[in-house]
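> These protein sequence lines are chains A and B, in that order. With my numbering as the guide, the letters of the first sequence map in order to residues 7 to 606. With my numbering as the guide, the letters of the second sequence map in order to residues 7 to 606.
Simulated from the structure, these hints should not be mistaken for lab results. Fair warning: there could be bad hints in the mix.
Which copy? The list can't say, so a pair holds if one copy fits it or any two copies do.
Distance condition first, Cα-Cα at most 25 Å in a straight line; then the derived DSS-like pairs of lysine-lysine [stated by the list, open to error]:
hint : residue 1 : residue 2
1    : K502      : K416
2    : K502      : K398
3    : K418      : K502
4    : K322      : K502
5    : K63       : K322
6    : K322      : K235
7    : K342      : K235
8    : K63       : K398
9    : K342      : K416
Number of protein chains: 2
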Amino acid sequence: MTTADARTPASEPNAQNAQDAPNAEAGKSIGWHKGYVQGSRPDLRVPVRQVHLTNGKDVTLYDTSGPYTDPTIDTDVRRGLAPLRENWIISRGDTEEYAGRPGRPEDDGLKHTSPRGGLRNLDAVFPGRPRQPRRSRDGRPVTQLAYARRGDITPEMEYVAIRENVEPEVVREEIAAGRAVMPVNVNHPEIEPMIIGKRFLVKVNANIGNSAVTSSIEEEVDKMTWATKWGADTVMDLSTGRNIHTTREWILRNAPVPIGTVPLYQALEKVDGRAEELTWEVYKDTVIEQAEQGVDYMTVHAGVRLPYVPMTARRKTGIVSRGGSIMAAWCLAHHKESFLYENFEELCEILATYDVTYSLGDGLRPGSIADANDEAQFAELRTLGELNTVAKRFGVQTMIEGPGHVPMHKIKENIDLQQEICEEAPFYTLGPLTTDVAPAYDHITSGIGAAMIAWWGTAMLCYVTPKEHLGLPNRDDVKTGVITYKIAAHAADLAKGHPGAQDWDDALSDARFEFRWEDQFNLALDPVTAREFHDETLPAEPAKTAHFCSMCGPKFCSMKISHDIRREHGGTQEEIEVGMAEKSKEFAAAGNRVYLPIAD
Amino acid sequence: MTTADARTPASEPNAQNAQDAPNAEAGKSIGWHKGYVQGSRPDLRVPVRQVHLTNGKDVTLYDTSGPYTDPTIDTDVRRGLAPLRENWIISRGDTEEYAGRPGRPEDDGLKHTSPRGGLRNLDAVFPGRPRQPRRSRDGRPVTQLAYARRGDITPEMEYVAIRENVEPEVVREEIAAGRAVMPVNVNHPEIEPMIIGKRFLVKVNANIGNSAVTSSIEEEVDKMTWATKWGADTVMDLSTGRNIHTTREWILRNAPVPIGTVPLYQALEKVDGRAEELTWEVYKDTVIEQAEQGVDYMTVHAGVRLPYVPMTARRKTGIVSRGGSIMAAWCLAHHKESFLYENFEELCEILATYDVTYSLGDGLRPGSIADANDEAQFAELRTLGELNTVAKRFGVQTMIEGPGHVPMHKIKENIDLQQEICEEAPFYTLGPLTTDVAPAYDHITSGIGAAMIAWWGTAMLCYVTPKEHLGLPNRDDVKTGVITYKIAAHAADLAKGHPGAQDWDDALSDARFEFRWEDQFNLALDPVTAREFHDETLPAEPAKTAHFCSMCGPKFCSMKISHDIRREHGGTQEEIEVGMAEKSKEFAAAGNRVYLPIAD
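Isolated chain A, as found in the complex (with noise of 0.2 Å):
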């Protein structure tokens, strides 16, 4: 397996399969299919969206959108998807199966008190095959960042190399030093492994997650399977309503990608939405629960201490972080040290023993362009990297989260700041929004500034809908989420001169220069809203195959001058010099022609 073959599969399995564009007629050779890379073993196969370009080319791209794509597979969300990475897990041989914690009806937000009681929604119960939990052996962590010290290259650290266009030894490094993590929780094997840090491509996640006022568990499942169609590399589940435990059961066993959580929300739940009724005995117990889920990545708020919280009281905006105002509300309550802050050291062996993957949340991030990079949120921040050291130490991945609302002139202090502070742990940001006055355009207020801290070195972009600060998002926001999000990360690809990234943008612009429009259609990041818009104006069959588009229209045309252009001089600089004034009389005498003249 060597860096080129990733970008030529050395097999495609389903070059025979291939599953056209929507709009492609049977025989024709345009489109794309889902292809694979053959890696070292017989099991390790990574997908890529191989593309077919109408002048024979393919271009690869990367894939995040699982199984689902692939016609020769049967998905069926009531089974979920095949553990790609069972045999894996258990031929490292350090983990083991185990009973598990039992359910109980508060896991789904059902009043134990209820006469009721015991009972559990049993029509919403995930129906696949059961399965037993799984966890560390002799309780030594079984992390990808503890195999990685030791030297090891495990088929998921393979598994990302071949997608990221790198040598695995590479992979290894960046997670042995502690700047990229892989989310890959033992109980998760249904996942395709992905990696997070700046030596690789910037990721996105999307959130999803019903609330107390709607959704269900159907939609959420389909939210996840949307987002990844776009490209979120992975999805927050951040449910808060009932139904919670078995909500993210269906989402787990059916998720390609990393499943990450906010354990704190369903703590709340089971008391009853009451903060200060909070412990560390529930909060661990939920830990817990999610852990033997295959929960990938948890969202934990240990650096909102209570010294912090009256450094908030006089911000515009105070503390927008639910996470964030949970604890603080804690603290506030009890006037004691935070529980989280209290029992780290005990959070990471549990961790450890799962791989679960650390996401230190920001509950004190700036929630309003007044409040940026103000003391509450600096504090926090040296506080994580605190942290992050014990985490280390404990063997547990750990990225760390960021910002929210930001000024573009105030982005910078952050992520350098963050990589300082954190020993260069992958950073992981909101944003940020750049402006507060666009509710309805937040996706684009921090597009921008998710492209520009992307580019300084943020690993990983939670995404933003046009939904925030304003209701629940719906999959066409979802959709515009992540599109915006994947146009923000290949923006700071570029701008990194990450290996290869400026390809894509090649061979589109070699499409567009040459008017091959299926082929722009087909390698646009939406390929659906890009033909929609092109056959609004130009709607007829032979338009996408015309050499002029509605801009310009047929009269007169840019780009076919430009090919003149070329055609005239597209030799060195020297013979296009010696021979400029001769070619500009063949010009002439040619009728001086470059576009095609239609009646008045």
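Go by the hints and put chain B onto chain A.
Structure of chain B alone, referenced to chain A:
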């Protein structure tokens, strides 16, 4: 008139005729109305958008929407807008009315050789009051640059000083130094003056224009008022099809903002689309035709010189500027230096007599990431610097156009070079687009680049709509493009630390923190969509006064907790620290309730 007055208008003639926001009920104090700030003379009244908050405060926002949003003014597109500046122009005594160039059928793209030759498209002719064109009485420049240089503060300068919340002398200085332009043709007296320069608020241009393929006059006029309603500071009419003269007349007579054009487009129509048949005479005639109509600024691609054309031959996407490729085709066909470059001084003389502002076009801007910052692009920029110096010598206001497609790490070089080469003349950029891979989302790929380059000093941003590269923008696309670019512009104003820019963010964030939903909507860049998105999840009217939102629901609310913290710790840091333990007890005694528990 002091600076402070601009934020607290001295006079609000329309206060009794407030136009409330769509959902406001009679008697409610919420909403907004068109207000005016009175200047030093009775006919100098600067429009503002006055937002009335439910807490009794007012927020004053910059307003580009013209008389259309003033319910006391009876507008009629068939009559046109009142000639606001007419007396200012006349009273300067340096211009005269004259017969003007006679209209010709080919001005509207009608065949001069057709049997119906000589007929205008009479049905479409603008029916408003007849007018004669105006020009300099003695050929000397009647430009704001000339006035500023001799120390005059014109009513136009006072007008923009009020709009920008600066002293009029600052406006005069910036114009005199060539660091700012105010596009105000003496034949466009309907205009509400605005200024473009890095010391001022970042401006946004919206392109409209029919093409050979689609659109009508009515649609184009409507697109113009629609664009200014959402915040476009200037509008470029890039029409290329038939009725080009007549469409422009309708637009100008109804435009409260400066109108820009690319005269080369119309000149090309006059020679039946044959680039090689263009002549200086046809071009010059077109410039005079448009100057007499009142076009405020013109894109002139005089920097596309013969020696630069071969530099584009090995580009990935050649020449993508329509004007650039027309001139390249002409240079190629004749193997001669560009007639625009050769006749630039005469062009300056013409523009100076109407106060038409130059927008020196970047005909060789990159059309793909691969071509960014290349030899051709910067060769042309150096020529634009040379032409800028010539234009200034003739007293012509000048701005410089910029790219295009540029990855983030190459953006800063563009603005830095331009500012150096062009003696800080205002930069006016198209995006730039930071990646090529997202057709249908190029408002976003370019909004990212636009925000960054504006932060670094670009004075005006030319919007890009979702239809870029794919088709012609419809109303929705125009709105999306404008809003996206207003976000980029405002984010840049914040990052530049523009005085007062953050007041808007602060007002909206205060409203958000205090759950004043109606105020959030009314302060939003797009109140309509913000309200719609909120109502999708929580449609009921009471939800707009509820102290929670759909993200967390009524059971738990982050903002609510912050309010409790503020209540607890609103004092000085000392008081906070001393009183904290005690307060914590009170908080517990009061039931620890920071949310409203709801039934399970």
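> Flag every earlier hint the structure violates by its number, smallest first.
2, 6, 7, 8 and 9
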